[in-house]
Amino acid sequence: MAACATTLGIAELLECTLLHLPLKDLLLAQCVSKVWRNLIQDSKRAKQVLFLEATSESEIFYDVSGSAWKTAAGIELPGNPVVNPLLHPHINYWQWQANEMGSVRILHEGFINPVNPRCPGKKMVSTSRALHRATASWRSMVLLQPRASMIELYCTDSADTADPSFLVHNPEGVTLGEVVQRLRDHWHICPNCPYEEDFDNCWEFTGDEDVDVVRPDITGWEMMAEFARQA
Numbered sequence: 001m002a003a004c005a006t007t008l009g010i011a012e013l014l015e016c017t018l019l020h021l022p023l024k025d026l027l028l029a030q031c032v033s034k035v036w037r038n039l040i041q042d043s044k045r046a047k048q049v050l051f052l053e054a055t056s057e058s059e060i061f062y063d064v065s066g067s068a069w070k071t072a073a074g075i076e077l078p079g080n081p082v083v084n085p086l087l088h089p090h091i092n093y094w095q096w097q098a099n100e101m102g103s104v105r106i107l108h109e110g111f112i113n114p115v116n117p118r119c120p121g122k123k124m125v126s127t128s129r130a131l132h133r134a135t136a137s138w139r140s141m142v143l144l145q146p147r148a149s150m151i152e153l154y155c156t157d158s159a160d161t162a163d164p165s166f167l168v169h170n171p172e173g174v175t176l177g178e179v180v181q182r183l184r185d186h187w188h189i190c191p192n193c194p195y196e197e198d199f200d201n202c203w204e205f206t207g208d209e210d211v212d213v214v215r216p217d218i219t220g221w222e223m224m225a226e227f228a229r230q231a
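Count the sequence shown with the UniProt record's numbering and you get residues 1 to 231, in order.
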């Protein structure tokens, strides 16, 4: 017990240990103690795997004409950016066939629309309140790594030809909070969105077929390895 306490008392060893946790557990580990919370919040690697800090100094954008994600200098990425795995419960990922390119959609019910009519009940209400509280950490997380400076979202109402798409800009990296707020703002003025689509009431964004989706239980170290493959 003393040896364990000594090991966890060394910041470098504690960081190394915590990065073996799945990302959701790493995020929740901040509730264990003030020491753990401070270490995670001060750890560059922990913040990067939790998508709270960018992995690159250069932001990316999707070049529609070239069908590729590129850096601000116009250099094509060697691989696809990674979608925040903590978003996994709120996305729909599908593939036509195994091992083929897939497509990511952001679910409307329960995320953009805080009230999920498909899952009523007291437990769902309390879960929704916790998820959508103003101080929720996911609001500060970037949608993609490397960070995207611009995300183009689509209006799915076929009758709305005046505004078929709308943008979210942030040179520091577009966050989940900014995406959700922008979609809600559009939904309030275009209430048919996203019910015109066939993808289980989901929202599309430019480049959503050229992103990588990792498994939801990926650990911190595995996420670091995923980032290394992008370099």
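A portion of the hints provided could be inaccurate.
Taking lysine-lysine pairs in the BS3-like style, the calculated list, with each CA pair at most 30 Å apart, reads [stated by the list, open to error]:
no.	residue 1	residue 2
1	Lys47	Lys70
2	Lys44	Lys24
3	Lys24	Lys47
4	Lys44	Lys34
5	Lys34	Lys47
6	Lys34	Lys24
7	Lys34	Lys70
Honestly, the hints are just simulated from the structure, not real lab data.
Results for each hint:
1. For the hint pairing Lys47 with Lys70, the CA-to-CA distance comes to about 23 Å; that is within 30 Å, so the pair holds.
2. Between the alpha carbons of Lys44 and Lys24 the distance comes to roughly 17 Å, so the proposed pair stays at or under 30 Å and holds.
3. Simply put, Lys24 and Lys47 have alpha-carbon atoms about 13 Å apart, close enough for the 30 Å limit, and the pair holds.
4. Annotation: proposed proximity of Lys44 to Lys34 holds, straight-line Cα distance about 17 Å (limit 30 Å).
5. In summary, the hint linking Lys34 to Lys47 is supported, as the alpha carbons are separated by about 16 Å, within the 30 Å threshold.
6. Between the alpha carbons of Lys34 and Lys24 the distance comes to roughly 18 Å, so the proposed pair stays at or under 30 Å and holds.
7. Restraint check for Lys34 and Lys70: not satisfied, since their Cα atoms lie roughly 39 Å apart, outside the 30 Å limit.
When held up to the earlier numbered hints, the structure conflicts with hint 7 and nothing else.
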